[in-house]
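Visitor: Sequence:
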Amino acid sequence: MIRLLNRYLRLNLPNLLIPVVWGISWNYIPSSLTSESPRIPALLMAGVFAQENNQNDDNVDFQSDGRSGNRTGGGSRSKCPPMDFPLTALVPESNWGKTLEAHPTLWFYVPYSPEQAPVGEFVLQDEAGNDVYRLPFELSQTPGLVRLSVPDTQESLKRGNWYRWYFTLYCDRDKSASPVFAQGWIQRIPLTPTLERQLSAAKPREDQVYVANRIWFDALTHLANLRLANSPQVTDADWRNLLQGKGVNLELPSQELSVGHVIFNEPRSLGEL
1 MIRLLNRYLR
11 LNLPNLLIPV
21 VWGISWNYIP
31 SSLTSESPRI
41 PALLMAGVFA
51 QENNQNDDNV
61 DFQSDGRSGN
71 RTGGGSRSKC
81 PPMDFPLTAL
91 VPESNWGKTL
101 EAHPTLWFYV
111 PYSPEQAPVG
121 EFVLQDEAGN
131 DVYRLPFELS
141 QTPGLVRLSV
151 PDTQESLKRG
161 NWYRWYFTLY
171 CDRDKSASPV
181 FAQGWIQRIP
191 LTPTLERQLS
201 AAKPREDQVY
211 VANRIWFDAL
221 THLANLRLAN
231 SPQVTDADWR
241 NLLQGKGVNL
251 ELPSQELSVG
261 HVIFNEPRSL
271 GEL
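For the record, in the sequence shown the residue sitting at position 227 is 227 according to full-length UniProt numbering, with numbers rising by one throughout.
Just so you know, not all the hints are guaranteed correct.
As the list claims (entries may be wrong) - EDC-like, lysine to aspartate or glutamate: derived pairs with alpha carbons at most 16 Å apart:
1. 158 / 131
2. 175 / 115
3. 175 / 131
Think of the hints as simulated: they come from the structure by calculation, not from any bench.
Could you build the full structure based on these sequences and the hints that come with them?
Guide: Written out as C-alpha cells, the structure is:
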C-alpha cells in the first residue's frame, strides 16, 4: 500500500500543485499597487490592474465606429527611448471624442522627462487638412499625465465641425529625427437647453451627465479636476471606471502619476510655417 501511494504521489504531485501555484500568481498583487497606496493630490491608480480590483460601471460606454488615428505614440526612427508604457492620448478606442468647449482640454500620458523630449507641438486641422493652429510647447512635470488646454487666444472650435489633432514630441532639439506622436479627432457640439438643465442639476458631478451624453473630453476634464481637488464626491473607482469603460480600455501605469501641463511657446503664424 505504501509503495503504491508513493508511486501515485510521484506521478501526480506536479498536477496537484498547479492550482496552488496559479492561485498565488493570479491573486498576489504587491501592496504598493493596491488601494492602500498613499494619496497625493493627483490622479492615481489609473492602470492595468484596475480591472482586477474594480468592476466596470456599465453606464460608461463610449463604444462607437472609429476614425483614423492612433492614441498611442509611435515612431520607428525616433530618438526617444523605449518605454514600458508609450505616449498615450486619453481618448476612447475610436480615436475621437466630443466637447462643448470652444477651447477644449485634452489629456495625455507622457513617459518622457522634459530633458528626454525637449520639443513638442500641438496641431489642429479642419477636415480638409488645413491647419487651424500649430502650437509649439515644452513639457513640465513629466513623466506623468499632461493637461493641454488650448489658449483662449486661439480660434474657437465651430459647433458641429470635426477637427483632427496631433500631439507630437521630439527627443532631439533640432528635430532631425522622427517624432513620436498621437493623433485623433474632436467635435464640438452645441449646448442644448436640456443638457444645460441636466448639468445644472448634477453639480458637482457634471461628469456623470457628460458620460451619459458621451461627451468624452468634458467628462474626463471635469472628473480629473475633482480628483485633483480631492473632492469627497469622487473616488479612485470613479476615475478607473472612466478609463476602463466600454470602448475606452486605456492602459496606464498603475502607480501614482504626477499631473503637469504644457508650456506654450510663442505660436507661429501660419504664414511662417
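Visitor: Against each hint, give a clear statement of whether it holds in the structure.
Guide: Against the structure, the hints:
Taking the CA atoms of residue 158 and residue 131, the gap is about 14 Å. The hint holds against a cut of 16 Å. For a cut-off of 16 Å, the pair hint linking residue 175 to residue 115 stands: about 14 Å separates their Cα positions. For the suggested pair residue 175 and residue 131, the alpha carbons sit about 20 Å apart, so the restraint of at most 16 Å is broken.
In the structure shown, a violation is registered for the earlier hint numbered 3 alone.
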